[in-house]
Every structure is written in structure tokens, then in C-alpha cells.
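Chains as they are written, first to last, in UniProt numbering: chain A, 1 to 168; chain B, 1 to 168; chain C, 1 to 168.
I should point out that these hints are in silico values taken from the structure, not numbers from a laboratory. No false leads were mixed into what you were given.
Covered stretches of chain C, going by a simulated chain B footprint (3 or more residues, C-beta under 8 Å): (1) 9-16; (2) 24-34; (3) 41-55.
Across the chosen pairs, the derived CB separations fall in these ranges: (4) C:E78 <-> A:H118: 25 to 33 Å; (5) B:E17 <-> A:Q81: 49 to 57 Å; (6) C:N86 <-> A:A66: 46 to 54 Å.
Note that CB positions come from ideal geometry on N, CA and C, so glycine has one too.
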Amino acid sequence: MTTDDPASTDTRIAALEARLRHLEDVSAISQLVASYGPLVDAGDAERVAALWTEDGSYDVEGWHMASRAEVAAMVRSEAHQGLIGNGSSHFLGPAHVTIGADGDTAVAVCESVLLVQHKGHPVVARIGANLFELVRTPDGWQTTRRTTRGLDGSQGARDLLAGRVPPQ
Amino acid sequence: MTTDDPASTDTRIAALEARLRHLEDVSAISQLVASYGPLVDAGDAERVAALWTEDGSYDVEGWHMASRAEVAAMVRSEAHQGLIGNGSSHFLGPAHVTIGADGDTAVAVCESVLLVQHKGHPVVARIGANLFELVRTPDGWQTTRRTTRGLDGSQGARDLLAGRVPPQ
Amino acid sequence: MTTDDPASTDTRIAALEARLRHLEDVSAISQLVASYGPLVDAGDAERVAALWTEDGSYDVEGWHMASRAEVAAMVRSEAHQGLIGNGSSHFLGPAHVTIGADGDTAVAVCESVLLVQHKGHPVVARIGANLFELVRTPDGWQTTRRTTRGLDGSQGARDLLAGRVPPQ
Numbered sequence: 001m002t003t004d005d006p007a008s009t010d011t012r013i014a015a016l017e018a019r020l021r022h023l024e025d026v027s028a029i030s031q032l033v034a035s036y037g038p039l040v041d042a043g044d045a046e047r048v049a050a051l052w053t054e055d056g057s058y059d060v061e062g063w064h065m066a067s068r069a070e071v072a073a074m075v076r077s078e079a080h081q082g083l084i085g086n087g088s089s090h091f092l093g094p095a096h097v098t099i100g101a102d103g104d105t106a107v108a109v110c111e112s113v114l115l116v117q118h119k120g121h122p123v124v125a126r127i128g129a130n131l132f133e134l135v136r137t138p139d140g141w142q143t144t145r146r147t148t149r150g151l152d153g154s155q156g157a158r159d160l161l162a163g164r165v166p167p168q
Numbered sequence: 001m002t003t004d005d006p007a008s009t010d011t012r013i014a015a016l017e018a019r020l021r022h023l024e025d026v027s028a029i030s031q032l033v034a035s036y037g038p039l040v041d042a043g044d045a046e047r048v049a050a051l052w053t054e055d056g057s058y059d060v061e062g063w064h065m066a067s068r069a070e071v072a073a074m075v076r077s078e079a080h081q082g083l084i085g086n087g088s089s090h091f092l093g094p095a096h097v098t099i100g101a102d103g104d105t106a107v108a109v110c111e112s113v114l115l116v117q118h119k120g121h122p123v124v125a126r127i128g129a130n131l132f133e134l135v136r137t138p139d140g141w142q143t144t145r146r147t148t149r150g151l152d153g154s155q156g157a158r159d160l161l162a163g164r165v166p167p168q
Numbered sequence: 001m002t003t004d005d006p007a008s009t010d011t012r013i014a015a016l017e018a019r020l021r022h023l024e025d026v027s028a029i030s031q032l033v034a035s036y037g038p039l040v041d042a043g044d045a046e047r048v049a050a051l052w053t054e055d056g057s058y059d060v061e062g063w064h065m066a067s068r069a070e071v072a073a074m075v076r077s078e079a080h081q082g083l084i085g086n087g088s089s090h091f092l093g094p095a096h097v098t099i100g101a102d103g104d105t106a107v108a109v110c111e112s113v114l115l116v117q118h119k120g121h122p123v124v125a126r127i128g129a130n131l132f133e134l135v136r137t138p139d140g141w142q143t144t145r146r147t148t149r150g151l152d153g154s155q156g157a158r159d160l161l162a163g164r165v166p167p168q
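All chains should be built: construct the whole structure from the sequences, respecting the hints.
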């Protein structure tokens, strides 16, 4: 292959651009998921909330948040502040990312372990299944909906792990 | 550098292609490893098995599987179904990936924690060392052999963590 | 866009080079962090130490190492050898990486869980916050300073998780 064939140069550059964009998307979404635990355990309400779109939702067993403001309020809540004031780790595993056919939506799946301090010792309080639905925005990838279920043998949790988007 | 030097354009594009391919390989293998836990805890036997080549093996203390079919059978086994029916998390850490000199084989190492529900509480049942040997196939990277050992101080487990491929 | 416009070909290639370099940096740093746990649990003192610059530091509650040699000495210490001889997992989560504006320094944040064998059963001994400060060297990215604090509700640990570099 020689560059006196401009078409081929163009084709190769376009292929590189498409492949790089895909890789950037997987990396950006992996990084978004990797940032949740540290930020929520730091208590950084604004940056946690910014992982969602303005009207993004977070549904975690018995707690349904329907906007950035509600996610931020969860981080600032007495319950969460008690947890992190004592010391906690919302430990999320590496995300498995699937970019949608349209290229502008994605799904990420990971497992999570919640560890908390109990009488001065860290204990495992919960294990969970997480499915993030995401969208490309002018400000990068953001979460439109996150669903988290305890890993207790229920079909709902197992569906999330298999990457099946739950019904609305 | 100007593009009236076609050789240099070609060289730069070829360098990009090689670097991008390397990054794609590391990402694909990281994603393969990240998908194992969610899929095996979901009980998705087919997709777990598809992480291996047709005759790929999985050797995990006292259980030696020598094909995709045997990996799928493990997922469908009473033992595994009991585990996930109760609720379990095969929590694998981020993989450290080394692409072989030939470019078409690789090794990935990670630690793992098995958490299970016991009397309604999640407990740590096992900690492990994992070494994946992988090969590039027309369908993407697949596992030719995975070796998992409990982290109990044995040299075997520590060799896996150091990336030393075990003897056949 | 056609390649009879050489300027645009150059511009596109330069953009690809810059984007790819950024992605390579995030990947390399993620891989460095992912390799720490396996290598330290393997007891591979040399390769653990090589994750730091020659005079890189590692400050982990009550243990301050100020060079590669001191990091290697920690791995070889009776305390650490006792831990891994018994079986341990320094389980680090996926790193969240931020490349500095200069392009040659970076910060990576992750949570960690230390699991050890106690009377034949794995137990969680510690949960931690980790902040790595890194620099690009001719031999790739290396750690200039790592700070680790137990997640016990203290502001220091939470600052690390929020990505705030601690004072010297």
C-alpha cells in the first residue's frame, strides 16, 4: 500500500478514527463506573450526581432517585453520611461495557461489594449487581439510569448481570 | 512534517494502526475477564463457555474442565446453581494483560474473591489467583486455558500472580 | 473530506496521535495499578518496586517508604512475608485516572480491600483509599508517590478518594 493512492489513505484514517472512538467510549464509560465508588465514599455529592444526566435515575432497592438533584441528596443524606463518617467502601468491579448499535448509547455491567466498619472492623454488608444505561452527551458519557439489586439469588439481579435492561 | 512526504504519512498511519491494535487487544482481554463474574453469577452457561476456545480448559482446584462444553456443564451443575440460586459474587479484579511477542497470544492475571450468602449474610468464601492464557481468533480473543488457585500461601498460587504460566 | 488536501490529512493524523496517546496513558496507568496487588501478593519485590521511580515514595499508615529500595524491603520484610506465606489478597479496584494538563504527570485513585487467611478462612482485614501520583519516564509511567489510608471515616482518606493530592 502506498500513499500515492489518496483514497486508501483516507480510508485508513477513517477506519482509525472509528476504532479509536469505540475504544475511547469503552474507556470513558469504564472510568465513569470506576469513579463512582471513590466519589460516593468521599461524600462528593456534586461529582457523584454529575455521573448522571440531569434527569437520570438510580434505582437501588427501596430507594429510587429520579434526577441529579436526588442523587446528590442521597449522598448528603443522614444515612449515607453516617456510613461514610464511619468508613465505607462502595467497591465496584471492572465494568463490562457494550456500546449500542447507534453508537451513542451504552450499557455497563459490574458487580459490587459494600464494606462498612462495624465495631472497628470492616465487614461485608452487601453484594450487588449493577447495570448502567448511558448516553453520549456534549459533556461526555453520562448515566441515564442505573439499577442495582442485591445478589440474593433473585432473577432480577441475575438479569442485570446478564446485561438485560430492566423494564421501565 | 508535511504530507507532501507520502512516505511519512504512510509511516505515521502504520504506527497508529499498530499502537491502536495493541490497545484494542488489552481492552478486549480486560473486557473478557470483566465479563466472567457477571455472566457466571447470572448463570449464563453459553456466554460463559464462549469466553473459551472450543477446546479451552479451566483448571480450578479439584475441578478440571477441558472444553467449552465442560465449562457450560459446570455453570449448569447443581453445585453452581445452588451457589447462584442463593446469591453469589465471583468478584474478579481488574486484569493485568501482557500481549505475547507474536501478537496473537496473551496472558492476563487477576485476583478474585468469591462471596456467597450464608444465613442471609454475604461472607467471603475464597480468595484466589487467576491466570488466563488467551489466543486471538477470528471471533476475537478467547481463553485457551485458565488456572485458578486459592490464595493460601502456596507457591502455585503465587506463581500465577507473578504471571508464570503453569506447566501443562 | 478528500486527501487531495494534504493539510487536512496531517491534521487528522495529528489528532489521532494525540487522542491515542491519551488513551495509551490511561491504559498504562490502569495496568500499573492493576499489577500492584498480584505482584505484592506473589512477593515479587523487584517488580513491585519497579512500579515506582527510583526515589518514589509509598506512605501507608505508619509505614513510609522513600525509594524503590525501601518498597522492595517492605515486600521482603518478615511482616509482609508472613502475610503472603499465609495467603493474602491486596485487592485493588479499577483505577480512576486523571492525566495532568502538562500531559506528563497523572493521578490515579482507587479503593482497596486487604483480605488475609485467618484460621483457614479468608477475612477482610482492611479497607483503604489509594492515591497514586505518577510521572511519564523513558521507561513508561511510574509512581512518584502513593498514599494509602484506611477507610475509617477520617477526612484524610476521603480527600484521597476525591483525588485531592495530600500536602507533602
